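Visitor: Chains as they are written, first to last, in the numbering used here: chain B, 450 to 715; chain E, 450 to 715; chain U, 450 to 715; chain H, 450 to 715; chain V, 450 to 715; chain P, 450 to 715.
Keep in mind that the hints were calculated from the coordinates and are not lab data. Heads up, a few of these hints could be off.
No distinction is drawn between identical chains; accordingly, a pair holds when it is met within one copy or between any pair of copies.
Cross-link-like lysine-lysine pairs, in silico, BS3-like; alpha carbons within 25 Å at most [as the list claims (entries may be wrong)]:
#1 Lys557 <-> Lys471
#2 Lys500 <-> Lys682
#3 Lys557 <-> Lys602
#4 Lys564 <-> Lys652
#5 Lys606 <-> Lys564
Computed from a predicted model, the values in this text were never measured in an experiment.
6 protein chains.
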Amino acid sequence: DFFNALDEVKPAFGVSEAELEKCLHGGIIHYSPFIDNILAEGRLFVEQVRKPDSTPLFSVLLHGPPASGKTALAAKIAIDSEYPFIKLVSPEDMVGFNEMAKVQYLSKVFMDAYKSPMSIIVMDNIERIVDWVPIGPRFSNSVLQTIMVLLSKQPPKGRRLLILATTNERSVLQQLDIFNSFNSDIPVPNVNSYEELAHVMEKSGAFSPQDIQRSLEEVRDITQSEQVGVGIKRILLGIETAKQDADMASRFSGVISRAVAERQYS
Amino acid sequence: DFFNALDEVKPAFGVSEAELEKCLHGGIIHYSPFIDNILAEGRLFVEQVRKPDSTPLFSVLLHGPPASGKTALAAKIAIDSEYPFIKLVSPEDMVGFNEMAKVQYLSKVFMDAYKSPMSIIVMDNIERIVDWVPIGPRFSNSVLQTIMVLLSKQPPKGRRLLILATTNERSVLQQLDIFNSFNSDIPVPNVNSYEELAHVMEKSGAFSPQDIQRSLEEVRDITQSEQVGVGIKRILLGIETAKQDADMASRFSGVISRAVAERQYS
Amino acid sequence: DFFNALDEVKPAFGVSEAELEKCLHGGIIHYSPFIDNILAEGRLFVEQVRKPDSTPLFSVLLHGPPASGKTALAAKIAIDSEYPFIKLVSPEDMVGFNEMAKVQYLSKVFMDAYKSPMSIIVMDNIERIVDWVPIGPRFSNSVLQTIMVLLSKQPPKGRRLLILATTNERSVLQQLDIFNSFNSDIPVPNVNSYEELAHVMEKSGAFSPQDIQRSLEEVRDITQSEQVGVGIKRILLGIETAKQDADMASRFSGVISRAVAERQYS
Amino acid sequence: DFFNALDEVKPAFGVSEAELEKCLHGGIIHYSPFIDNILAEGRLFVEQVRKPDSTPLFSVLLHGPPASGKTALAAKIAIDSEYPFIKLVSPEDMVGFNEMAKVQYLSKVFMDAYKSPMSIIVMDNIERIVDWVPIGPRFSNSVLQTIMVLLSKQPPKGRRLLILATTNERSVLQQLDIFNSFNSDIPVPNVNSYEELAHVMEKSGAFSPQDIQRSLEEVRDITQSEQVGVGIKRILLGIETAKQDADMASRFSGVISRAVAERQYS
Amino acid sequence: DFFNALDEVKPAFGVSEAELEKCLHGGIIHYSPFIDNILAEGRLFVEQVRKPDSTPLFSVLLHGPPASGKTALAAKIAIDSEYPFIKLVSPEDMVGFNEMAKVQYLSKVFMDAYKSPMSIIVMDNIERIVDWVPIGPRFSNSVLQTIMVLLSKQPPKGRRLLILATTNERSVLQQLDIFNSFNSDIPVPNVNSYEELAHVMEKSGAFSPQDIQRSLEEVRDITQSEQVGVGIKRILLGIETAKQDADMASRFSGVISRAVAERQYS
Amino acid sequence: DFFNALDEVKPAFGVSEAELEKCLHGGIIHYSPFIDNILAEGRLFVEQVRKPDSTPLFSVLLHGPPASGKTALAAKIAIDSEYPFIKLVSPEDMVGFNEMAKVQYLSKVFMDAYKSPMSIIVMDNIERIVDWVPIGPRFSNSVLQTIMVLLSKQPPKGRRLLILATTNERSVLQQLDIFNSFNSDIPVPNVNSYEELAHVMEKSGAFSPQDIQRSLEEVRDITQSEQVGVGIKRILLGIETAKQDADMASRFSGVISRAVAERQYS
Ligand SMILES: Nc1ncnc2c1ncn2[C@@H]1O[C@H](COP(=O)(O)OP(=O)(O)OP(=O)(O)O)[C@@H](O)[C@H]1O
Ligand SMILES: Nc1ncnc2c1ncn2[C@@H]1O[C@H](COP(=O)(O)OP(=O)(O)OP(=O)(O)O)[C@@H](O)[C@H]1O
Ligand SMILES: Nc1ncnc2c1ncn2[C@@H]1O[C@H](COP(=O)(O)OP(=O)(O)OP(=O)(O)O)[C@@H](O)[C@H]1O
Ligand SMILES: Nc1ncnc2c1ncn2[C@@H]1O[C@H](COP(=O)(O)OP(=O)(O)OP(=O)(O)O)[C@@H](O)[C@H]1O
Ligand SMILES: Nc1ncnc2c1ncn2[C@@H]1O[C@H](COP(=O)(O)OP(=O)(O)OP(=O)(O)O)[C@@H](O)[C@H]1O
Ligand SMILES: Nc1ncnc2c1ncn2[C@@H]1O[C@H](COP(=O)(O)OP(=O)(O)OP(=O)(O)O)[C@@H](O)[C@H]1O
Ligand SMILES: [Mg+2]
Ligand SMILES: [Mg+2]
Ligand SMILES: [Mg+2]
Ligand SMILES: [Mg+2]
Ligand SMILES: [Mg+2]
Ligand SMILES: [Mg+2]
């Protein structure tokens with residue numbers, strides 16, 4: 450009955466807000482106008498689904514390079530929506546699940562969402578949820594098919610659902626023919642310019658202005674590249690490693706240069 | 450016994466009519482004479498199967514690009530038939546089913562249909578029912594074989610069955626050798642000309658004539674294409690997104706241009 | 450015991466005769482001398498197996514394009530034999546069977562046949578029984594191997610068995626190395642000439658002589674082909690569709706022309 | 450205990466002699482000196498294994514084209530050996546067995562043989578026992594590995610075993626790396642010359658000398674080949690078919706010519 | 450409860466220290482400055498994870514040729530950390546585990562680690578844990594996916610985890626797309642120069658200075674190579690073999706030369 | 450407890466000695482100095498593992514062509530070691546085992562060995578144990594991985610283990626990446642020269658000196674080859690076959706020539 454249903458929904462919601470906030474432990478640094486655009490685009494879809502006369506199902510894919518901040522941005526959009534039901538679906542919650550268990554877990558999450566008048570499901574790291582590996586290639590087709598069908602399954606009358614998914618394998622999703630199952634998609638960029646990188650270093654409060662200057666010069670020297678192209682998550686982690694080193698600025702430029710180089714060869 | 454059998458049939462029927470009408474929530478907009486031809490062709494097959502002296506089994510495949518309106522058209526033909534038994538078979542009803550469960554579900558639906566003197570089964574999205582994915586390629590051969598056999602299995606004496614199937618992967622169905630198992634096929638087109646697109650915009654009641662004009666011009670400008678080639682479902686959804694934007698006409702032309710571009714590169 | 454055994458055999462027989470006659474609901478139209486040759490060849494093998502001193506096992510494969518009448522002709526030969534045990538084995542009787550169930554069903558049918566002094570087994574549509582699909586290619590090897598072994602397994606002393614199999618995938622059966630397991634094979638042709646097509650139209654009683662003439666001319670015009678090459682089953686079904694149309698002759702020529710064209714491109 | 454063991458062995462033996470004799474229902478026609486050589490070679494290996502001081506395990510592979518008489522010749526060698534235990538292992542005894550059941554059945558047969566001081570196991574049609582199919586290719590690796598190991602497994606002290614296997618896929622057995630597991634091999638030829646064919650026709654007692662002459666001339670005419678190259682089993686079966694025809698000689702030459710032609714194209 | 454939890458953690462810890470020390474039974478010979486660098490790098494990451502305000506999860510991959518000392522170095526870093534929970538996860542602990550058992554075992558180890566405020570997990574020989582074999586290639590995708598997810602799964606609030614993994618198949622890990630899941634990586638070299646080799650021989654205490662000299666000269670002579678390129682583990686084992694030989698120096702140079710040659714051809 | 454453990458070990462040992470001696474029923478004929486070298490190399494490794502201060506695990510692979518005597522030589526080395534625990538692991542002991550049973554059996558053997566202070570495990574015919582077949586190729590990866598891990602798993606403190614494995618597929622083991630898991634390897638040759646062959650014939654006591662001379666001349670004549678290249682096992686078996694023939698020398702040269710020819714074409 451209805452009260453029972455409410456019971457089921459509430460804890461699910463409570464738990465997930467905590468989980469979503471964990472994704473944001475590095476905050477959102479507005480190092481580029483793209484970040485604001487992404488959040489605005491997210492807000493627009495949140496409003497569309499909220500409208501009682503619109504199609505009650507909408508799905509958006511956030512895609513970008515590894516560590517670029519996709520999960521944090523999806524979490525931010527979800528939390529800011531203030532919808533009554535928000536749920537993070539992440540591969541980390543399915544460790545040790547076999548294909549059938551994954552399929553059932555996914556169905557269960559959607560069934561729960563259908564009980565709330567308005568819901569957001571954040572489906573994180575789709576290529577990991579479907580056990581993608583490029584050798585073979587192999588993946589769980591039954592999980593993939595389940596997701597594809599859930600992406601087009603209309604919620605029951607009077608229920609509305611927004612799906613925010615993330616991936617760093619857009620081309621894989623295209624090959625798997627699931628990319629077109631999304632109603633819209635939002636690209637998430639790396640930290641690309643030295644100005645953006647400086648902005649992040651500043652916000653971290655770990656470097657003196659001179660250290661920032663010296664560090665960036667070293668990166669430029671080592672990489673001989675005008676493009677940084679490193680994800681915000683790696684940069685924040687590199688700052689932490691650098692803090693352990695006596696020569697913090699050099700350690701940081703070393704870590705970042707290596708990341709830049711890896712990008713160039715991959 | 451007979452009364453029991455009737456019991457089983459009735460609810461099945463009731464439920465499905467609701468389901469089929471859900472497929473039509475955007476109505477049928479007669480934006481092109483093709484739409485009328487498709488519905489007329491459907492009516493002809495409905496009449497053929499109704500004849501007591503004709504072959505009691507006939508199958509038709511509606512095929513066309515994604516979002517072109519295949520499901521809605523099949524639902525419309527089925528509802529207008531006024532046959533006593535109509536059943537929608539959709540991948541969404543089989544979420545979490547394994548191969549065997551799918552095979553049994555399909556058999557059950559046909560067994561139910563055989564109990565009614567005249568039946569229509571709408572088998573939606575065959576490539577999804579058989580878990581098709583282009584990488585591999587992989588699909589459920591046991592589900593595929595079951596469908597192939599059910600497409601040629603004569604109903605019991607005195608029972609008549611029309612099967613309406615949909616797909617947006619005609620060439621896949623040809624490769625799988627199931628295409629020829631259908632007795633006839635009907636192609637479903639995209640919204641292709643700017644006139645057709647204007648017609649749809651008008652019917653939506655969301656745009657002023659000036660907005661329509663401006664929007665179409667922008668699409669033409671951005672895409673440099675004389676062909677629209679976007680499915681009716683995407684267009685109707687794009688209108689909904691546009692409604693959230695302050696500059697509705699530009700947002701609409703943006704969404705449509707992107708859809709046109711994707712068509713050109715896929 | 451013996452009486453029990455008889456009990457098992459009788460109903461099996463009764464049921465199958467009805468099933469076989471269902472395959473003949475369009476009758477046998479003698480539209481070409483080939484049809485008579487096929488039936489004569491069948492009679493010869495029926496007589497050979499009947500002889501008490503001959504090898505007690507013989508197998509024949511009827512192969513030809515889809516819808517060419519293979520099943521009907523095999524059924525006709527079987528019914529005319531007046532053997533005490535006749536059984537149709539068709540993929541339609543095995544919907545939802547897994548590999549093991551199919552293997553057991555096939556074994557059971559042969560065990561039943563071995564109980565009768567003389568038997569015919571009609572094994573319809575072998576490629577469907579083995580779940581053949583050209584992508585992969587995939588098929589049930591355990592079902593295939595079972596059939597191959599049953600085709601060479603001598604019946605018990607004093608029992609005689611004729612196997613009539615059908616396929617529209619002769620080359621597939623050759624690749625699967627089962628083609629050579631048959632002792633003989635009979636090709637079944639399409640309706641190939643306009644004279645043959647006219648003969649079928651006439652026999653259907655649906656067309657006036659003028660309609661026939663006009664229809665054939667239209668087909669010639671549209672297809673620009675001197676060869677018809679369409680299966681008798683499709684032609685009979687096309688006549689039924691045509692009957693629903695106000696302009697029956699044109700609808701018929703349309704349906705047939707499309708069938709001719711498909712043949713040319715496949 | 451010992452008496453129990455004897456019990457198990459005896460019926461196994463009784464049954465198999467009947468089975469082996471069934472393989473010889475067409476007798477052995479000495480249509481060529483090769484036939485005598487094959488039987489002599491078989492006798493030699495029978496004697497070698499009989500010697501108490503020789504290696505207690507020996508395996509021979511009879512290989513040749515389909516229908517060339519391999520099974521009959523292996524049966525003849527086994528029956529003439531007068532060993533106390535002879536067992537025919539044939540795919541026909543394993544219809545409906547899964548891989549594990551086959552492996553167990555094979556092990557059981559060898560266990561039974563190890564109980565007798567001297568044994569012959571006739572393993573008929575190895576490629577069928579391992580479920581070989583050229584598409585894929587596919588086969589049962591667990592059955593194959595079991596056979597390979599059983600071919601080299603020494604019998605218990607004081608027990609001696611001769612294995613006679615047959616195949617018409619020598620090259621397959623080479624690819625599967627099992628060919629070298631045999632200690633020796635004997636090729637079995639087709640009926641190759643017209644003289645050999647005449648000899649077989651004569652022995653059948655079905656033809657007058659004139660019929661033989663006419664029939665052979667017709668085959669020569671039709672095939673334009675100086676080589677017959679047809680298996681003895683097909684020839685004997687062709688004689689039976691011919692007997693049903695009014696014009697026996699022509700029907701026979703027709704059947705044989707077709708067999709010759711098939712050989713040339715395969 | 451807490452005391453129970455402590456109970457679970459303690460024995461796990463005790464056992465693992467013994468296991469880790471077993472990996473170090475050949476000690477750490479400082480034959481090159483690289484060895485010191487590797488240990489220093491390890492210490493830095495140990496300190497980073499120890500910091501309460503840093504990201505609570507960090508993973509490092511030690512990669513290098515077979516026998517180069519990867520496991521010993523990872524063990525050394527772990528033991529020197531003096532973290533309260535250290536656990537070695539090695540393929541040798543999972544002999545006979547099926548995929549599911551491996552996945553559960555791995556999850557269990559991480560669950561145990563999450564109970565301690567600070568933990569190190571040494572995951573030895575990843576390619577063996579995932580059952581990698583180059584033919585196919587084949588590997589356990591479910592184990593691989595589990596590891597990939599566990600490498601990014603945040604520990605519960607207040608718990609900190611450092612993962613040290615080893616592999617001698619870096620390129621395989623790159624192909625499997627798991628290489629980038631590590632936050633950092635450390636290459637481990639072979640014993641490469643003759644000076645390094647002499648250092649190891651000396652430390653073993655098995656050779657006189659003359660023997661060392663003669664042995665190295667022989668290796669140079671035989672291999673004609675200025676590069677040794679042999680793993681420390683193979684060298685230590687070669688010394689043991691040499692000790693059994695009357696002419697210890699020659700036996701040693703023989704063993705080493707063969708190892709050098711194998712490197713050159715692989 | 451300890452006495453129980455002893456109980457388990459003893460019978461295992463008793464049984465295996467008998468099994469190992471069975472592998473030596475043809476004795477060891479010292480037809481070439483290579484044979485003595487192989488046995489000496491084996492003795493060296495036996496002594497190395499016996500030393501209490503050496504690494505307690507060592508593995509050696511004997512590889513060579515089929516029938517070259519690998520199993521007999523490994524058995525000889527094991528028996529001569531006089532270690533308290535010796536166990537032969539052979540595919541023949543695992544007939545009918547599935548993958549899991551094989552893995553468990555192998556683990557059990559190693560567990561048993563770990564109970565004895567010093568042990569030798571003879572792992573015969575590795576490619577057969579892993580169910581290798583070149584078509585596919587297919588093999589049991591779980592068995593392979595188990596062996597790879599057992600080859601590097603350190604025995605418990607105070608226990609010492611020597612592993613002697615055999616294969617005639619060295620290159621396969623290299624492709625499977627297991628070849629490098631062995632600490633050392635010993636090649637086993639064929640009987641290669643006519644002198645070696647004469648030596649074997651002489652030792653058999655079956656031929657007069659003239660027969661030997663004549664036989665060898667015939668082989669030279671037929672094969673036109675200065676190289677024999679046939680395994681000792683085939684030669685000894687050929688002598689047995691020859692004994693059944695009236696003309697023993699010619700039969701022997703026939704058998705050997707055929708073996709030589711097969712070598713040349715394989
Ligand atoms: N502008 C920003 N956008 C996104 N994340 C940011 C931003 N600024 C700071 N962050 C922080 O950076 C981290 C981004 O990590 P996140 O896990 O979202 O990346 P990701 O792209 O999902 O990585 P992965 O490819 O591993 O899934 C978070 O800790 C987040 O709080
Ligand atoms: N002429 C039309 N034909 C079809 N659908 C129309 C038409 N006019 C309006 N619609 C509406 O457009 C939508 C078509 O969506 P539908 O699901 O049928 O498309 P589809 O081709 O089946 O999509 P998919 O490829 O995702 O299966 C429906 O909401 C329907 O009511
Ligand atoms: N000469 C004829 N030969 C065969 N069938 C005929 C002939 N004349 C009329 N028919 C009718 O044509 C139909 C032939 O259909 P049938 O199912 O036998 O074809 P098929 O080749 O087996 O088709 P499929 O390829 O689908 O298995 C039957 O209804 C049969 O009664
Ligand atoms: N010289 C002969 N050699 C073998 N069989 C002969 C000979 N003469 C007559 N026959 C008869 O010919 C038939 C040979 O059939 P058999 O089953 O042995 O052939 P096969 O090569 O095993 O066939 P398949 O390839 O189907 O296994 C038997 O009926 C046998 O009695
Ligand atoms: N500098 C060193 N670095 C590493 N190991 C050393 C060093 N000096 C001596 N050793 C000894 O060498 C051996 C190295 O073996 P270890 O198992 O660590 O190598 P590995 O690279 O992990 O081998 P594998 O590729 O088989 O996993 C250990 O016994 C270790 O005690
Ligand atoms: N010098 C020798 N070396 C090895 N075996 C010998 C030698 N002299 C005689 N023999 C005998 O030869 C036979 C060798 O057979 P064995 O099974 O060991 O060969 P193998 O190489 O293991 O064969 P396979 O490739 O089939 O495993 C044994 O019977 C053995 O007693
Ligand atoms: Mg993420
Ligand atoms: Mg649809
Ligand atoms: Mg048919
Ligand atoms: Mg045979
Ligand atoms: Mg290691
Ligand atoms: Mg051996």
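Visitor: Take the hints in turn and mark each one as holding or not.
Guide: For each hint, the structure was consulted:
no., hint, in the structure
1, Lys557 <-> Lys471, "both (23 Å within a copy, 23 Å between copies)"
2, Lys500 <-> Lys682, "between (35 Å within a copy, 18 Å between copies)"
3, Lys557 <-> Lys602, "both (14 Å within a copy, 22 Å between copies)"
4, Lys564 <-> Lys652, "neither (41 Å within a copy, 33 Å between copies)"
5, Lys606 <-> Lys564, "within (10 Å within a copy, 30 Å between copies)"
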